[in-house]
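*Asks:* As they're listed, the protein sequences go chains A and B. Mapping to this note's numbering: the first sequence position 131 is 131, numbers consecutive. Mapping to this note's numbering: the second sequence position 91 is 91, numbers consecutive.
In short, the hints are calculated from the structure, not lab data. Note that beta-carbon positions come from the ideal geometry of N, C-alpha and C, so glycine has one too. Careful: at least some of the hints might be erroneous.
[What the hints assert, rightly or not] For the chain A half of the interface with chain B, some residues (derived, Cβ under 10 Å), not all of them:
#1 I102
#2 T110
#3 Y112
#4 G142
#5 G145
#6 A172
#7 T175
#8 L176
#9 G177
#10 A223
#11 A266
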Amino acid sequence: MTELLLSLVSVSFFVQVLRITMPYALAAMGGVVSERAGVVNIALEGILLMGAFGAAVGAYDSGGSVVVAVGYGLATGVGTAGLYALAVVTFQADQIVSGVAINMLAYGITPYLLKVFYNSSSNSPPIQGFGGDLFRNPMFWGVLGLVVVVQVVVTRTRWGLRVRAIGDHPEAAHTLGVSVNAIRWQAVLASGVLAGLGGVWLALSGSSFVAGMSAGRGYIALAAVIMGSWRPVWACAASLLFGFAEAVENNLQTYDLGIPNELIQAFPYVLTMVALAGFIGRSRAPGHLGRPFSAR
Amino acid sequence: MRREAVTIGIALLVAALAGSLLIAYVGKSPLEVYGLLLRSTWGTSYGFGQVLFKSTPLILTGLSVAVAFKVGLFNIGAEGQLAAGSFVTALCGAALPAALPGPLTVALCVLAGMLAGAALAGLAGVLKTRYGAHEVINTIMLNFIASSVILWAGNAHFFVRYTTHTTAIPDSATLSHLGFTGSAANTSLLLALGLAGAVAYFFNRTRRGFEWRAVGHNPRAAQNAGVRIGGVVIGAMAMSGALSGAVGANYVLGYKGYYESGIGSGVGVMGIAVALLGRNHPAGIVAAALLLGTLSHGGLAVAEQVPKEIVQILQAIIILAVACASAYRARRARLAGAPA
Chain A
1 MTELLLSLVS VSFFVQVLRI TMPYALAAMG GVVSERAGVV NIALEGILLM GAFGAAVGAY
61 DSGGSVVVAV GYGLATGVGT AGLYALAVVT FQADQIVSGV AINMLAYGIT PYLLKVFYNS
121 SSNSPPIQGF GGDLFRNPMF WGVLGLVVVV QVVVTRTRWG LRVRAIGDHP EAAHTLGVSV
181 NAIRWQAVLA SGVLAGLGGV WLALSGSSFV AGMSAGRGYI ALAAVIMGSW RPVWACAASL
241 LFGFAEAVEN NLQTYDLGIP NELIQAFPYV LTMVALAGFI GRSRAPGHLG RPFSAR
Chain B
1 MRREAVTIGI ALLVAALAGS LLIAYVGKSP LEVYGLLLRS TWGTSYGFGQ VLFKSTPLIL
61 TGLSVAVAFK VGLFNIGAEG QLAAGSFVTA LCGAALPAAL PGPLTVALCV LAGMLAGAAL
121 AGLAGVLKTR YGAHEVINTI MLNFIASSVI LWAGNAHFFV RYTTHTTAIP DSATLSHLGF
181 TGSAANTSLL LALGLAGAVA YFFNRTRRGF EWRAVGHNPR AAQNAGVRIG GVVIGAMAMS
241 GALSGAVGAN YVLGYKGYYE SGIGSGVGVM GIAVALLGRN HPAGIVAAAL LLGTLSHGGL
301 AVAEQVPKEI VQILQAIIIL AVACASAYRA RRARLAGAPA
């Protein structure tokens, strides 16, 4: 017990929390951007998974180049987000149904392509991921910068104002000449960039792509969006909480405290439910979240 | 009605075309693969029996998702509810004395499974009414939690040593097979069809069913008319969960005779496709379940030619295409001034 508690205040534990938080924070920021524009983004889970898959293929093809991995991961993540935008913005299909379908597609197509590319539907061949030292990893600093950028873009720029306007009151924005569906497309693609990067991180912080490796992180990121009241920095702070929960879960499995491992694994999911029940009344959703817009 | 048929026809066509691309991508002939899929399902007596066997749980999860849809809720947790239901059904079967009359044992086991499913989904309903927490995230979280808890309970108490399955239920609790040259189709199909009829009766012929539909169409109007929304939300989630929980009848009582880790996985998510394709109508759901049951068994038959995940991909494309096509056509109809 004391051993466990000591391990929770060590520097290495702090680093571990940061490392685990990255995909949550990136996906949550993607969720903020898309939901602020009025588009619920259940598809974050699928975008994460596709981003991770793309990154693994890129890393394998290039023999371990992080740049190529990021490029591939962005392409698959943004591509998935594009398909989602086509369904919910252009065709105005139901956002939850389409999001679930996108996730199903990602969960189906990744093992399909794994089997075709590498003749195994459960994981990719080993890839070279990030090195050990988090603070020497340029992508880590890049993501920290991105948090600032997303916060500034959403709250301080003309585009951000438009995004917030079409999420809260699309008719008013439309009357003022803002093209609601064009901005929604851009916002969903931007969420594809962010969640896609989250997937890249997920793949490169391990040593291969594993089928289903997003493991519900996209949904948990949505909970972080709600906890952070749809504000980028606060959503990242909430992600930190889920990163902490997952790190504790890992450590509990290492130090045997007599709690069965199967139950420890449920910890982040239980925390998500508790957090949702506790925070939801205090945060206000964008006014037209989840409702399609058509000019006529 | 005709418009719905056209919508679904378009969606299936899109899915078939996308599937062809994926099949051609691995260097196989789409026509050949689709042909094999059809011959191995509707072409033989055994194949047809297996289609019925695979369709039975899909009718139940399809109904489950549809009941929630009708009230304006999304139950994405059928996966966890059917796992919990099957687990409890198996435990109940193993715990009841073998001397009890068969029909009574079966009824108790199925009811226990339905209660377990109802409790799990009902919890999401309570969190929704009490705290406003969205049922989509909560039902998904409950899927993960249910599988962890079942694995723990099984490993710690109920699984036969060195296995991931429970002890077998007595013969008296086993459902009889429907024939079809040794296929696994069993009488739980009748249960599923009966429940489909019951759901149709409830929504179309009872006062409470009318109230539930009213909540689905316009919650505020329903509330002003005196319907207690909170109660309806919890009730609908519980009913939805109970339908998923009944899946254990097919897998546990009708096929395996015990609960095994991972039993029926994927069937819960497929229920969403079934409900969408069946337009939330019980008769439509039975038809959609047959279609996806065909895909599901046919997918096994073509697994040598293309990776078996093709089935999951086709389903996802069907859902997307139905969702897009029906929204698009509804908007066209609205713009043309016709009732949507």
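*Asks:* Could you run down the list of hints and mark each one as holding or not?
*Replies:* Here's how the hints hold up against the structure:
Against a cut-off of 10 Å between C-beta atoms, the interface hint on I102 of chain A holds, since the closest Cβ of chain B lies about 7 Å away. The interface hint given for T110 of chain A is met, as the beta carbon of that residue sits about 8 Å from the closest beta carbon of chain B, less than 10 Å. The closest approach between the C-beta of Y112 of chain A and any C-beta of chain B is roughly 4 Å, which is under the 10 Å cut-off, so the hint is satisfied. Of the supplied interface hints, the one on G142 of chain A is violated, with its beta-carbon coming no nearer than about 29 Å to a beta-carbon of chain B, more than 10 Å.
Taken as an interface hint, G145 of chain A does not check out: its beta carbon lies about 29 Å from the nearest beta carbon of chain B, beyond 10 Å. The restraint placing A172 of chain A at the interface with chain B is violated, with a minimum CB-CB distance near 21 Å, outside the 10 Å limit. Taken as an interface hint, T175 of chain A does not check out: its beta carbon lies about 19 Å from the nearest beta carbon of chain B, beyond 10 Å. Of the supplied interface hints, the one on L176 of chain A is violated, with its beta-carbon coming no nearer than about 23 Å to a beta-carbon of chain B, more than 10 Å.
At a threshold of 10 Å, the smallest CB-CB gap from G177 of chain A to chain B is about 22 Å, leaving the interface hint violated. Checking A223 of chain A against chain B: minimum C-beta separation of about 6 Å stays under 10 Å; hint holds. With its C-beta approaching chain B no nearer than about 4 Å, A266 of chain A sits inside the 10 Å limit, and its interface hint holds.
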